[in-house]
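Take a look at the letters that make up each chain.
There are 4 protein chains.
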Amino acid sequence: MRKIIIGVMGPGDSATTADLENAYALGQRIATKGWVLLTGGRSAGVMEAVSQGAKAAGGLTIGILPSADTEGISEAVDIAILSDLGNARNNINVLSSHVVIACGMGLGTASEVALALKNSKSVILLSDDKESQNFFRNLAPNQVYFATNPEIAIQEVAQILDAEISELNQR
Amino acid sequence: MRKIIIGVMGPGDSATTADLENAYALGQRIATKGWVLLTGGRSAGVMEAVSQGAKAAGGLTIGILPSADTEGISEAVDIAILSDLGNARNNINVLSSHVVIACGMGLGTASEVALALKNSKSVILLSDDKESQNFFRNLAPNQVYFATNPEIAIQEVAQILDAEISELNQR
Amino acid sequence: MRKIIIGVMGPGDSATTADLENAYALGQRIATKGWVLLTGGRSAGVMEAVSQGAKAAGGLTIGILPSADTEGISEAVDIAILSDLGNARNNINVLSSHVVIACGMGLGTASEVALALKNSKSVILLSDDKESQNFFRNLAPNQVYFATNPEIAIQEVAQILDAEISELNQR
Amino acid sequence: MRKIIIGVMGPGDSATTADLENAYALGQRIATKGWVLLTGGRSAGVMEAVSQGAKAAGGLTIGILPSADTEGISEAVDIAILSDLGNARNNINVLSSHVVIACGMGLGTASEVALALKNSKSVILLSDDKESQNFFRNLAPNQVYFATNPEIAIQEVAQILDAEISELNQR
Chain A
1437 MRKIIIGVMG PGDSATTADL ENAYALGQRI ATKGWVLLTG GRSAGVMEAV
1487 SQGAKAAGGL TIGILPSADT EGISEAVDIA ILSDLGNARN NINVLSSHVV
1537 IACGMGLGTA SEVALALKNS KSVILLSDDK ESQNFFRNLA PNQVYFATNP
1587 EIAIQEVAQI LDAEISELNQ R
Chain B
1437 MRKIIIGVMG PGDSATTADL ENAYALGQRI ATKGWVLLTG GRSAGVMEAV
1487 SQGAKAAGGL TIGILPSADT EGISEAVDIA ILSDLGNARN NINVLSSHVV
1537 IACGMGLGTA SEVALALKNS KSVILLSDDK ESQNFFRNLA PNQVYFATNP
1587 EIAIQEVAQI LDAEISELNQ R
Chain C
1437 MRKIIIGVMG PGDSATTADL ENAYALGQRI ATKGWVLLTG GRSAGVMEAV
1487 SQGAKAAGGL TIGILPSADT EGISEAVDIA ILSDLGNARN NINVLSSHVV
1537 IACGMGLGTA SEVALALKNS KSVILLSDDK ESQNFFRNLA PNQVYFATNP
1587 EIAIQEVAQI LDAEISELNQ R
Chain D
1437 MRKIIIGVMG PGDSATTADL ENAYALGQRI ATKGWVLLTG GRSAGVMEAV
1487 SQGAKAAGGL TIGILPSADT EGISEAVDIA ILSDLGNARN NINVLSSHVV
1537 IACGMGLGTA SEVALALKNS KSVILLSDDK ESQNFFRNLA PNQVYFATNP
1587 EIAIQEVAQI LDAEISELNQ R
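Top to bottom, those sequences are chains A, B, C and D.
The first sequence begins at 1437 in my numbering and counts up by one.
The second sequence begins at 1437 in my numbering and counts up by one.
The third sequence begins at 1437 in my numbering and counts up by one.
The fourth sequence begins at 1437 in my numbering and counts up by one.
Possibly wrong hints are sitting among the right ones.
[What the hints assert, rightly or not] In silico SDA-like links for lysine to any residue, alpha-carbon gap of 20 Å or less:
hint, chain 1, residue 1, chain 2, residue 2
1, B, Lys1439, D, Asn1570
2, A, Lys1566, B, Asp1565
3, D, Lys1557, B, Ser1503
4, D, Lys1439, B, Ala1504
5, D, Lys1557, D, Arg1438
6, D, Lys1566, C, Glu1567
7, A, Lys1469, A, Pro1502
8, C, Lys1439, A, Ser1479
9, A, Lys1557, C, Ala1493
10, A, Lys1557, A, Gly1494
11, B, Lys1557, B, Ser1479
12, C, Lys1439, C, Ala1454
13, A, Lys1566, B, Pro1577
14, B, Lys1439, D, Ile1601
15, D, Lys1469, D, Ile1601
16, A, Lys1439, C, Ser1479
17, B, Lys1439, D, Ala1493
18, D, Lys1557, B, Ala1504
19, B, Lys1557, A, Lys1469
20, A, Lys1439, C, Ser1602
21, D, Lys1469, D, Gly1508
22, B, Lys1439, D, Gly1508
23, D, Lys1557, B, Asn1578
24, A, Lys1439, C, Ser1503
25, C, Lys1439, A, Lys1566
26, D, Lys1439, B, Ser1479
27, A, Lys1557, C, Ala1504
28, D, Lys1566, D, Ser1602
29, B, Lys1439, D, Gln1606
30, B, Lys1439, B, Asp1598
31, B, Lys1439, D, Gly1494
32, A, Lys1439, C, Lys1439
33, C, Lys1557, C, Ser1602
34, C, Lys1469, C, Asp1514
35, D, Lys1566, C, Pro1577
36, C, Lys1566, D, Asn1574
37, C, Lys1566, D, Asn1570
38, B, Lys1469, D, Asp1514
Just so you know, the hints here were simulated from the structure itself, not pulled from any lab data.
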């Protein structure tokens, strides 16, 4: 029976201190909810912090690596999917996630948000960057959610999942 | 000897009339310059219009299709690459292009611009959409160019190619 | 900390009764060993049978689906990776597996065995098909193992994993 | 209007002298027929030889590279598609080819033959290796052709294309 997977995307080396703190808290809360965490799997920035947070709370973590081997993989990844697809793996990240949270913003993250929205996924932007809020709200007004802290982001994920389950039951 | 490939990305069904006119003119000018055109290959929106423009001027056109077969392919595509990768093929589109022009904006196009910049490519935004200009300039100030019409976009491509060739010769 | 993943590949609709029985037994034994099972994820043939076997023994199951959605997914898949890559996902299947077992033979399975060997993986052929044994032994004599039943296949996996761990410790 | 693309697959560094001679002759004949050549694009073995042959006869050559850049690319490739997919690009090679010729055999080539047959393509084996003939004939008896020299292989391609065009016209 398919488990619920929450994808957390965010910058690697260019992550801010706030991004890292938010990511760690997201990981803890995702694990506490009993959801599986999915990231890009590398030992850098948001990927590393959110995976560490999830493991600290006893969660299960998936990393979809861009490479063919485990060089640069986060120690906090349980399930390593070695895609050897480079950035093309970003599409797999978002397709495999029930809901996507963007924690901070960067070029890779921007591609993942765009691909998630293109694939009809709901995306939560956890960031105070006005440019990215305006840009993505303009492109997909009904699929983009905003959160100012991890707690709100997790509440929004829960509401989105509830709405989807409710919709499935009504069919 | 590798030919110069210019990628033109843009909306499919949601392309505006201005996008389509710009795309057709871009295709003509790319072909006249002797460059090869690369698109997403479908018979819709910017992909169709730019490919038609290139063929009208005697150019060579490549289409990187998301599908495993040729259903929905533009009649103006000479070289059909059937990727069966869905939107993951967007990364191939930008990697294979020397320079990327975004003609209009949409979710697929946004993912391609982000992936192109992530891969250190220069990108020209041919659009008057302020949100996308602000968003991408903020993320990659030195790689993003703006154009208000196809003629300027092609001039910028020529300058970028000249600068790259000049840089290669100086090594 | 990365878990050990064993990939079991095999025919879908063209699986024989023996293939299905072998697959179910492999799944049970993989779960009992504490390894994670990876398959192509569809509710057909060897993928379905081995996943059912693993779940019956309390294991964790990953399915790398060729599609963008969960249509046709096995109910026995816990972690659904929706690749939307068609058969290109076969390369991810083998890269992500510590050891690959081919249970039966078919065109998709043949591509996975070839890709696994190309990527320097060890592959166990659980099949009495002489043509495939001769073909792959000829191409990669030091990486191909043969098994006549699931018990022997699992013993071989354990030996391969022991040898790899021993090699890592000696560095 | 889509051009006819013939894919020639074969070993890189492990190609035999006979493979290289056959590949060069295949490239010449493909170009003379007016078909476009598609290969894996690297400057090694069959890929290099067949591309050189095609260029010597004035043909157009496509290379689907496994990498994100042009390092290791054949000088005889006109259209470089930079996939950054590693061996997952093998599926694109065969999907994009109207007919596939395997010139020699190796692990990568074996995966391409299997993927081509899986995708309902016709494949010509130009090799005297009995193991591969037996293996693939057994898996897909109606799609595998054998050739003992390049001239016969090209005749078979022409016949396959004629039959496909005839079938399309009868619909």
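Hint by hint, here is what the structure shows:
Between lysine 1439 of chain B and asparagine 1570 of chain D the CA atoms are separated by roughly 41 Å; this puts the pair beyond 20 Å, and the hint is violated. With a C-alpha separation of about 16 Å, the suggested pairing of lysine 1566 of chain A with aspartate 1565 of chain B holds against the 20 Å cut-off. Taking the CA atoms of lysine 1557 of chain D and serine 1503 of chain B, the gap is about 16 Å. The hint holds against a cut of 20 Å. This hinted pair checks out: lysine 1439 of chain D and alanine 1504 of chain B have alpha carbons roughly 16 Å apart, not beyond 20 Å.
Restraint check for lysine 1557 of chain D and arginine 1438 of chain D: satisfied, since their Cα atoms lie roughly 17 Å apart, inside the 20 Å limit. Distance hint between lysine 1566 of chain D and glutamate 1567 of chain C is fulfilled; the C-alpha atoms sit about 10 Å from each other, no more than 20 Å. About 28 Å separates the Cα atoms of lysine 1469 of chain A and proline 1502 of chain A, which puts this hinted pair outside 20 Å; it is violated. Between lysine 1439 of chain C and serine 1479 of chain A the CA atoms are separated by roughly 16 Å; this keeps the pair inside 20 Å, and the hint holds.
For the given pair, lysine 1557 of chain A sits about 34 Å from alanine 1493 of chain C by alpha-carbon distance, which is inconsistent with the 20 Å threshold. Our distance criterion of 20 Å between C-alpha atoms is broken by lysine 1557 of chain A and glycine 1494 of chain A, whose separation comes to about 27 Å. For the proposed pair lysine 1557 of chain B and serine 1479 of chain B, the alpha carbon gap of about 26 Å is over 20 Å, so the pair is violated. For the hint pairing lysine 1439 of chain C with alanine 1454 of chain C, the CA-to-CA distance comes to about 29 Å; that exceeds 20 Å, so the pair is violated.
Taking the CA atoms of lysine 1566 of chain A and proline 1577 of chain B, the gap is near 17 Å; set against the 20 Å cutoff, the hint holds. Using a Cα cut-off of 20 Å, the hinted pair lysine 1439 of chain B and isoleucine 1601 of chain D is violated, with the two alpha carbons roughly 31 Å apart. The hinted pair formed by lysine 1469 of chain D and isoleucine 1601 of chain D meets the criterion: a straight-line CA distance of about 16 Å does not exceed 20 Å. Distance hint between lysine 1439 of chain A and serine 1479 of chain C is fulfilled; the C-alpha atoms sit about 17 Å from each other, no more than 20 Å.
Proposed proximity of lysine 1439 of chain B and alanine 1493 of chain D is supported: the alpha carbons are some 18 Å apart, at most 20 Å. With a C-alpha separation of about 12 Å, the suggested pairing of lysine 1557 of chain D with alanine 1504 of chain B holds against the 20 Å cut-off. Distance check on the hinted pair: lysine 1557 of chain B and lysine 1469 of chain A sit about 40 Å apart at the alpha-carbon level, beyond 20 Å; violated. Proximity of lysine 1439 of chain A to serine 1602 of chain C is assessed by CA-CA distance (about 34 Å); at most 20 Å being required, the pair is judged violated.
Among the hinted pairs, lysine 1469 of chain D with glycine 1508 of chain D is inconsistent with the structure: their alpha-carbon atoms are about 28 Å apart, more than 20 Å. Straight-line distance between C-alpha atoms of lysine 1439 of chain B and glycine 1508 of chain D comes to about 16 Å, which keeps the hinted pair within the 20 Å bound. Straight-line distance between C-alpha atoms of lysine 1557 of chain D and asparagine 1578 of chain B comes to about 45 Å, which puts the hinted pair past the 20 Å bound. With a CA separation close to 17 Å, the supplied pair lysine 1439 of chain A and serine 1503 of chain C stays within the 20 Å bound.
Between lysine 1439 of chain C and lysine 1566 of chain A the alpha-carbon distance is near 40 Å, which puts this suggested pair outside the 20 Å criterion. This hinted pair checks out: lysine 1439 of chain D and serine 1479 of chain B have alpha carbons roughly 17 Å apart, not beyond 20 Å. For the hint pairing lysine 1557 of chain A with alanine 1504 of chain C, the CA-to-CA distance comes to about 12 Å; that is within 20 Å, so the pair holds. Distance restraint check for lysine 1566 of chain D and serine 1602 of chain D: the Cα-Cα separation of roughly 32 Å exceeds the 20 Å cut-off, and the hinted pair is therefore not satisfied.
Restraint check: the Cα-Cα separation between lysine 1439 of chain B and glutamine 1606 of chain D comes to about 38 Å, which exceeds 20 Å; the hinted pair is violated. For the hint linking lysine 1439 of chain B to aspartate 1598 of chain B, the alpha-carbon distance of about 15 Å falls within 20 Å, and the restraint holds. The hinted pair formed by lysine 1439 of chain B and glycine 1494 of chain D meets the criterion: a straight-line CA distance of about 15 Å does not exceed 20 Å. For the suggested pair lysine 1439 of chain A and lysine 1439 of chain C, the alpha carbons sit about 18 Å apart, so the restraint of at most 20 Å is met.
Between lysine 1557 of chain C and serine 1602 of chain C, the direct Cα distance comes to roughly 16 Å. Compliance with the 20 Å bound is thereby established for this hinted pair. Of the pairs offered as hints, the one joining lysine 1469 of chain C and aspartate 1514 of chain C holds, with about 18 Å between alpha carbons and a cut-off of 20 Å not exceeded. For the proposed pair lysine 1566 of chain D and proline 1577 of chain C, the alpha carbon gap of about 17 Å is at most 20 Å, so the pair holds. This hinted pair checks out: lysine 1566 of chain C and asparagine 1574 of chain D have alpha carbons roughly 11 Å apart, not beyond 20 Å.
The straight-line distance between the Cα atoms of lysine 1566 of chain C and asparagine 1570 of chain D is roughly 10 Å, inside the 20 Å bound, and the hint therefore holds. Restraint check for lysine 1469 of chain B and aspartate 1514 of chain D: satisfied, since their Cα atoms lie roughly 17 Å apart, inside the 20 Å limit.
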